[in-house]
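**Q** Sequence:
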Amino acid sequence: MVTASSLLNTWSVVNPSLTSPNKPRRVKRRAGMALASVGSSENPCLGIKVTHGQGNLPKVILTTSHGSEAELYLFGGCVTSWKVANKDFLFVRPDAVFNGQKPISGGIPHCFPQFGPGPMQQHGFARNMNWSIVNSENVEGNPIITLELKDGPYSRSMWDHTFQVLYKVTLDKRTLSTELKVTNTDQKPFSFTTALHTYFSASVTGASVRGLKGCKTLNKDPDPKNPIEGQEERDVVTFPGFVDCIYLNAPSKLHLDNGLGDTILIENTNWSDTVLWNPHLTMEASYKDFVCVENAKIGQVQLEPEQSWTAIQLLSVA
1 MVTASSLLNT WSVVNPSLTS PNKPRRVKRR AGMALASVGS SENPCLGIKV
51 THGQGNLPKV ILTTSHGSEA ELYLFGGCVT SWKVANKDFL FVRPDAVFNG
101 QKPISGGIPH CFPQFGPGPM QQHGFARNMN WSIVNSENVE GNPIITLELK
151 DGPYSRSMWD HTFQVLYKVT LDKRTLSTEL KVTNTDQKPF SFTTALHTYF
201 SASVTGASVR GLKGCKTLNK DPDPKNPIEG QEERDVVTFP GFVDCIYLNA
251 PSKLHLDNGL GDTILIENTN WSDTVLWNPH LTMEASYKDF VCVENAKIGQ
301 VQLEPEQSWT AIQLLSVA
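Residue numbers are given in the working numbering: position 210 of the sequence shown equals residue 210, and the series is strictly consecutive.
Don't take each hint at face value.
[What the hints assert, rightly or not] With a straight-line Cα cutoff of 27 Å, these simulated DSS-like cross-link-like pairs (lysine-lysine) come out:
| id | residue 1 | residue 2 |
| --- | --- | --- |
| 1 | LYS173 | LYS87 |
| 2 | LYS83 | LYS216 |
| 3 | LYS168 | LYS87 |
| 4 | LYS83 | LYS102 |
| 5 | LYS168 | LYS288 |
| 6 | LYS168 | LYS83 |
[Claimed, not checked] Simulated DEER-style distance windows between Cβ atoms:
| id | residue 1 | residue 2 | range |
| --- | --- | --- | --- |
| 7 | ASP235 | ASP289 | 18 to 28 Å |
| 8 | ASP235 | ASP262 | 31 to 41 Å |
| 9 | VAL236 | PRO153 | 40 to 50 Å |
| 10 | GLN307 | ARG234 | 30 to 40 Å |
| 11 | LEU260 | GLY152 | 36 to 46 Å |
| 12 | GLN187 | GLU140 | 33 to 43 Å |
| 13 | THR263 | ASP289 | 12 to 22 Å |
| 14 | PRO153 | HIS52 | 25 to 35 Å |
| 15 | GLY206 | ARG174 | 27 to 37 Å |
| 16 | GLY67 | ILE228 | 18 to 28 Å |
Note that these hints are calculated values from the structure, not bench results.
Cβ atoms here follow ideal geometry from the backbone N, Cα and C, with glycine treated the same way.
Given the sequences, and given the hints that come with them, work out the whole structure.
**A** Take a look at the structure:
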């Protein structure tokens with residue numbers, strides 16, 4: 001396993017001068033192998049860099065040969081930035097802290113093994129733990145990194161199970177793909193709920209989501225503890241005020257108009273539900289600048305020993 005401290009200030013790169021110009025070289029680096037090579041000035045380094053981020057926390061920077069960029073922190077396994085043509089489509093709240101004591105508020109935080117409130121802390125513990133790098137590669141100029149989360153005393157104090165979570169992040173020219181794989185490494189079954197709590201940069205007054213019409217809804221406004229059941233009748237769902245609504249059995253493809261002139265296609269495999277959230281005046285300093293469109297699994301996923309569950313999210317700029 002490669003830890004953050006052993007990888008700081010290293011690079012994984014593709015050097016096209018070593019291969020045919022018509023067939024980009026595939027470079028693969030696994031745990032325990034060096035993640036460094038040297039590119040010429042004509043072939044600048046592309047790929048994966050591990051460095052220090054805010055609060056001196058280990059941060060991974062992904063860069064494609066097209067110039068797209070993403071950043072993720074090993075604390076919480078949280079993607080905090082996704083830039084296409086130098087425009088960031090994710091949002092980190094101004095009150096976010098980077099001290100390793102509280103979850104990072106923004107980007108794409110993990111909710112695991114519990115979405116929302118429940119017997120353990122809000123949204124579980126995955127966003128409060130350090131993840132490890134277990135694999136990295138660069139395929140035709142597109143960086144791919146896989147993080148791992150395993151149980152420890154902290155997690156078992158809340159959820160007494162052994163598990164492995166792998167989180168594979170792939171950056172392409174105009175897409176950001178994440179694959180989440182949960183494996184039961186325990187000798188007894190367990191169940192969980194999960195979500196990717198994605199914050200998108202937006203103008204909340206102009207933002208809207210298409211594709212949810214006909215879904216059964218659980219509306220947490222006004223009482224989060226007693227959601228109101230209903231059905232979405234709108235073709236275009238907007239954010240006129242406080243919004244906290246679960247859409248059950250949502251389509252695998254949604255369109256987000258961020259109100260800033262961009263349309264983001266949100267596709268998924270095996271994320272059965274969608275959550276829309278904006279805190280409105282309860283977060284007066286920043287609510288106008290983001291909306292959350294979250295792929296989620298609200299119903300319990302049951303895994304027997306050695307079984308796995310996998311879900312994929314694909315974000316694309318239209």
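**Q** Determine for every hint whether it applies to the structure shown.
**A** Against the structure, the hints come out as follows:
1. LYS173 to LYS87: holds, 13 Å
2. LYS83 to LYS216: violated, 33 Å
3. LYS168 to LYS87: holds, 23 Å
4. LYS83 to LYS102: holds, 25 Å
5. LYS168 to LYS288: violated, 31 Å
6. LYS168 to LYS83: holds, 18 Å
7. ASP235 to ASP289: 18 to 28 Å: holds, 25 Å
8. ASP235 to ASP262: 31 to 41 Å: violated, 19 Å
9. VAL236 to PRO153: 40 to 50 Å: holds, 47 Å
10. GLN307 to ARG234: 30 to 40 Å: holds, 38 Å
11. LEU260 to GLY152: 36 to 46 Å: holds, 40 Å
12. GLN187 to GLU140: 33 to 43 Å: holds, 42 Å
13. THR263 to ASP289: 12 to 22 Å: For THR263 and ASP289 the Cβ distance comes to about 18 Å; the hint holds.
14. PRO153 to HIS52: 25 to 35 Å: For PRO153 and HIS52 the Cβ distance comes to about 26 Å; the hint holds.
15. GLY206 to ARG174: 27 to 37 Å: For GLY206 and ARG174 the Cβ distance comes to about 22 Å; the hint is violated.
16. GLY67 to ILE228: 18 to 28 Å: Check failed, 45 Å falls outside 18 to 28 Å.
The earlier numbered hints that this structure contradicts are 2, 5, 8, 15 and 16.
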